[in-house]
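**Student:** Chains as they are written, first to last, in the working numbering: chain A, 2 to 331; chain B, 13 to 385; chain C, 11 to 376.
Treat the hints as calculated values from the structure; they're not laboratory data. Be aware that one or more of the hints could be misleading.
Using C-beta positions, here's what the derived DEER-type ranges look like [as the list claims (entries may be wrong)]:
| hint | chain 1 | residue 1 | chain 2 | residue 2 | range |
| --- | --- | --- | --- | --- | --- |
| 1 | C | Q179 | B | P55 | 36 to 42 Å |
| 2 | B | M128 | C | D289 | 38 to 44 Å |
| 3 | B | D305 | C | E334 | 28 to 34 Å |
| 4 | A | F70 | B | R64 | 30 to 36 Å |
| 5 | B | D305 | C | T351 | 23 to 29 Å |
| 6 | C | S149 | B | E368 | 53 to 59 Å |
| 7 | B | P186 | C | A107 | 57 to 63 Å |
| 8 | C | G85 | B | E244 | 50 to 56 Å |
| 9 | A | G192 | C | E111 | 29 to 35 Å |
Bear in mind the structure is a predicted one, so any value in this text is a computation, not a measurement. Every residue, glycine too, gets a C-beta built ideally from N, C-alpha and C.
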Amino acid sequence: MFRYLIRRLLAAALIMLVITTITFFIFFALPSDPALLACGKTCSPSRLAEIKHSLGLDQSYLTQYWEFFKGLFVGRDFGDQSVRIHCGAPCLGVSFQTDTPVLTTLLSDFPADLSLGLGAAVAFLVLGVGLGTVAAVRRGRAADKAAVGLALFGVSVQIYFIGLLLLYLFVDKFQILPTSGYTSITEDPAGWFQGLILPWTTLVIVYLAMYTRLTRSSMLEVFAEDYMRTARAKGLPASKVVLKHGLRAAITPIITIFGMDVGSLIGGSAVITESVFGINGIGKLAVDSVQNSDLPVILGTTLFAATFVVLANVVVDLVYGLVDPRVRLA
Amino acid sequence: MTAADEREHAVSTTQPLTGTGTGTDRPAGENLLDVRGLHKHFPIRQGIIFQRQIGAVRAVDGIDFSVGPGESLGLVGESGCGKSTTGRLITRLLEPTGGSVVFDGQDITHQPPGRMREARRSLQMIFQDPYSSLNPRHTVGTIIETPMRLNGINSPQGHKKRAQELLETVGLNPEHYNRYPNEFSGGQRQRIGIARALALRPKLIVADEPVSALDVSIQAQVVNLLQDLQREFGIAFLFIAHDLAVVRHFSERVAVMYLGKIVEVADRESLYTRPRHPYTHALLSAVPEADPDAVERRERIRLAGDVPSPIDPPSGCRFRTRCWKAQDRCAAEEPPLVRVEGSPAGHLTACHFPEEPTVAAREEDIVLDPALG
Amino acid sequence: MSVQTSPQPADLAPAPAPFLDVRDLRVHFPTEDGLVKSVDGVSFTLEKGRTLGIVGESGSGKSVTSLALLGLHKGTSARVGGEIRLEGRELVGLPEAEMRELRGRTVSMIFQDPLSALHPFFTVGSQIAEAYRVHHKVSKQEARDRAVEMLKRVGIPQPERRVRDYPHQFSGGMRQRAMIAMSLVCDPELLIADEPTTALDVTVQAQILDLIRDLQEEFGSAVVIITHDLGVVADIADDILVMYGGRRIEYGTTREVLKQPQHPYTWGLLQSMPHLGGDVGERLNPIPGTPPSLINLPDGCSFHPRCAYKGWATEGRCTAERPELRLVSGSDRHLAACHLTDEAKQEIRGGTGPDEHGAGTDRAAQ
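Based on the provided sequences and hints, a complete structural model is requested.
**Tutor:** Okay, structure coming up:
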């Protein structure tokens with residue numbers, strides 16, 4: 002188990018290294034020039050060179066790459082004598098645009114993503130598994146058709162459509178909720194909750210579909226298993242047969258997908274939801290950084306998202322080992 | 013102990029050996045298939061980055077046997093004894109980790125796939141599951157013709173004609189040439205598999221549990237078909253099965269495997285009426301007979317527990333942990349596969365304390381199962 | 011209604027109110043292709059302490075029959091008709107809640123493949139304890155102690171330790187023992203074993219059959235064993251019911267059915283497989299063709315397309331008229347559903363055992 006964890010973490014580190022490298026060199030393959038962007042409209046060649054130097058862009062790609070990695074472990078200093086920015090040990094660089102260390106920005110944006118992603122994930126998992134189970138038990142009947150229909154609706158609509166519709170209905174028209182957005186939970190728990198209800202609902206509608214269908218098909222497969230017949234033959238009530246023996250087995254394939262979804266949601270993949278509801282999250286940060294050719298932020302957000310997806314995978318495997326005794330982690 | 017050591021050991025015993033130590037009187041050169049010291053160890057690996065081998069599943073652990081032209085050798089044993097692995101080693105679906113396989117005068121033990129083609133024509137396999145061993149997207153005709161095309165064999169009247177002939181040979185309607193496997197029943201699919209194996213006019217067919225997935229009334233149809241083919245075309249068979257009665261019916265000689273080793277080999281008459289190895293004896297006594305009188309007069313030998321793990325098999329004789337005759341010597345010394353006193357020529361047994369060679373000497377119940385006390 | 015085609019055992023066995031009395035059981039499944047009559051008018055009786063072997067090939071309806079005894083078709087699309095009386099109590103129309111009370115306690119079941127019949131994610135002990143706690147108000151610890159006791163009873167070494175293992179950590183034979191422990195944990199009066207040894211090796215099969223026999227003696231329960239293997243029923247059953255295409259074709263004591271089989275299908279089953287003591291020079295005598303479709307059973311005798319002896323009966327009778335189960339002359343309860351006259355059978359079988367009528371086969375086979 003311990004050996005397994007070490008091996009997985011080493012593999013995870015290797016994956017991150019590869020991702021960083023690819024992102025780094027794709028950036029330089031792009032035609033845009035961050036120095037030119039930073040230089041503004043009145044740009045002289047000498048000013049451009051100066052900016053290039055201060056951003057470190059005058060060095061070779063390999064040197065820049067090396068500096069980036071060095072910064073991860075020992076920290077870096079940026080700027081010249083006049084403006085000096087220190088970037089502490091796990092240094093992901095400093096934004097070309099705002100001159101703030103990338104990590105600082107990431108950490109300040111992270112709670113929003115954590116709240117949005119985790120909250121929505123818990124909701125769509127519970128609702129999806131519940132609906133899927135009902136659909137499987139009532140296979141072919143009205144409840145099943147309703148659940149499948151609902152799922153189909155969720156798959157076909159787009160986030161910005163649902164998001165704007167919800168905003169229009171609940172904020173503008175009926176004014177039940179305040180304007181959506183992120184407030185820190187420590188500052189104002191009620192505001193945190195109210196501000197996130199609509200973004201959560203939007204994500205739930207979109208993700209619910211998949212989880213309902215996944216649970217339904219997984220459940221139907223499990224219903225055909227011999228051990229379900231054994232459970233009935235013991236004299237167990239139907240509810241216990243389904244919820245204890247059935248769900249326990251049906252949930253395993255769902256865990257895998259769920260882990261990845263949570264990882265990527267927390268890592269900032271809910272970018273459309275963020276922008277519809279005006280939440281400043283990592284997804285939005287990533288999109289902005291690409292538009293501004295802000296290499297350190299691009300690298301930072303990519304690495305950050307990758308960390309969560311990779312970690313989620315490790316967690317999924319560990320949970321798998323707990324759920325399914327046949328899986329031995331070694 | 014290496015395979016070579018073992019052979020040395022077998023030869024050095026006091027018992028005179030007949031033939032080649034595989035229970036036949038044929039000189040080695042006249043065998044169609046000669047298997048010597050065959051091993052298959054599946055490695056078990058562990059390690060964080062650099063995996064090292066920490067053990068092995070000794071699925072087949074040094075076996076010798078031979079099959080003559082047109083002969084049928086039965087290979088019996090319980091699940092996990094290595095009989096199916098043996099079949100796969102011989103057809104090179106698995107790579108042996110030791111020993112040698114000589115087929116038709118050619119050493120094919122480690123022959124690269126390109127050079128195997130020649131041997132593979134004459135060496136075909138029939139599988140247990142007639143559902144998964146046929147490609148559902150190919151027509152029956154394609155399935156049967158593929159081996160011919162791959163081997164560049166041109167039939168005088170063309171592949172189609174030959175495939176239809178083969179369908180007729182195995183008792184199917186040649187007009188079903190263009191149908192797909194899912195249109196056939198289990199027994200018919202097994203016939204298709206047999207037709208495919210026959211396409212290259214093989215000299216040896218390895219049949220791995222060819223009837224055990226079929227319904228009782230269908231099993232006999234397939235057994236009869238295989239028997240007809242064996243007689244008509246002089247095909248030799250390595251017939252792997254767990255059903256002792258079917259093996260007895262089909263194979264002139266029978267080898268019994270236990271935990272990766274052959275424990276006894278003899279012609280069927282000798283093996284089934286006078287088994288010398290306690291395991292063979294126990295195995296035979298456990299076969300249920302559809303005859304109420306047989307149930308009453310039958311001896312009861314009930315082995316205790318389960319087959320030990322092939323990762324760490326018992327020292328000495330592998331059967332000793334479940335044997336009612338085991339003594340200290342059985343743990344210390346591995347019994348060689350030799351002719352023991354009282355056995356006819358060609359009846360080889362790997363046991364230090366073999367059973368009496370007469371039927372009358374065994375009357376008592378031997379029950380080793382604590383639950384049955 | 012079906013009195014002509016399947017005479018009720020009550021008419022033949024004068025014993026008052028048998029422990030288990032199944033009459034004219036029918037289990038039909040509506041499908042898109044038509045009505046699948048998996049079981050179509052099956053009757054039998056069974057007393058406590060006795061064992062009935064139900065024999066047939068795949069699709070003969072033997073497993074569907076066993077599930078009907080447990081009421082496991084309730085809640086599916088199956089249509090169950092006829093009567094199943096257990097100690098006089100009618101089970102077919104019983105509400106699910108009452109049936110559930112009986113399952114596992116009065117009637118319990120052992121399934122074919124213990125690896126798939128045991129839940130992979132729960133320990134063996136917890137599954138046995140659960141079966142006990144469904145019907146008994148006891149603490150978890152008491153139920154667990156009971157599980158250990160049962161494991162010990164069925165011969166699992168170190169039961170205190172093995173109770174915490176998962177099914178995949180058991181060998182095939184051990185798993186079937188655990189399955190048996192689970193089915194016996196509430197001391198059932200009727201035990202149904204559906205191909206309990208088919209997935210096992212022959213030495214393990216012998217162990218398991220012995221175990222079932224010993225436990226039956228100890229608990230005095232009635233046992234229904236379902237199998238395709240006549241050797242297994244010869245070993246363990248008192249009576250044999252041979253099914254073909256969802257119907258009974260022969261029913262009698264084990265000795266009668268195996269020693270004086272009266273139906274050509276039973277002859278076929280007995281001859282088609284080699285015996286350890288048989289003559290290896292003789293060809294096997296298989297039943298030609300394949301089992302029938304349960305949607306469109308052949309008219310008349312459903313076995314006639316595969317029967318080599320239909321020429322021996324009155325012209326065209328086998329294809330037109332379904333044979334009723336008749337008492338075999340000289341027996342008080344051996345039944346067979348075949349149009350052949352005793353004389354014809356006598357002639358076909360050469361007046362002796364089932365192994366000696368190869369010549370008749372050759373003559374009659376087309």
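**Student:** Check the following: the C-beta atoms of G85/C and E244/B are separated by a distance inside 50 to 56 Å.
**Tutor:** 54 Å Cβ-Cβ, so the 50 to 56 Å window holds.
**Student:** For the pair S149/C and E368/B, does the Cβ-Cβ distance stay inside 53 to 59 Å?
**Tutor:** holds (56 Å)
**Student:** Within 36 to 42 Å or not, the Cβ separation of Q179/C and P55/B?
**Tutor:** violated (22 Å)
**Student:** May I ask you to test the hint 57 to 63 Å on the CB atoms belonging to P186/B and A107/C?
**Tutor:** For A107/C against P186/B, whose Cβ atoms are near 59 Å apart, the range 57 to 63 Å holds.
**Student:** Given a hint of 28 to 34 Å, does the C-beta separation of D305/B and E334/C actually sit inside it?
**Tutor:** holds (31 Å)
**Student:** How does the Cβ-Cβ distance of F70/A and R64/B compare with 30 to 36 Å: does it lie in that range?
**Tutor:** With Cβ atoms ~31 Å apart, the hint holds.
**Student:** Using the beta carbons of G192/A and E111/C, state whether their distance is inside 29 to 35 Å or not.
**Tutor:** violated (55 Å)
**Student:** Check the following: the C-beta atoms of D305/B and T351/C are separated by a distance inside 23 to 29 Å.
**Tutor:** The hint (23 to 29 Å, Cβ to Cβ) holds, given that D305/B and T351/C are roughly 28 Å apart.
**Student:** CB of M128/B to CB of D289/C, is that within 38 to 44 Å?
**Tutor:** Check passed, 40 Å falls within 38 to 44 Å.
In summary, the structure is inconsistent with hints 1, 9 from the numbered list given earlier, while agreeing with the others.
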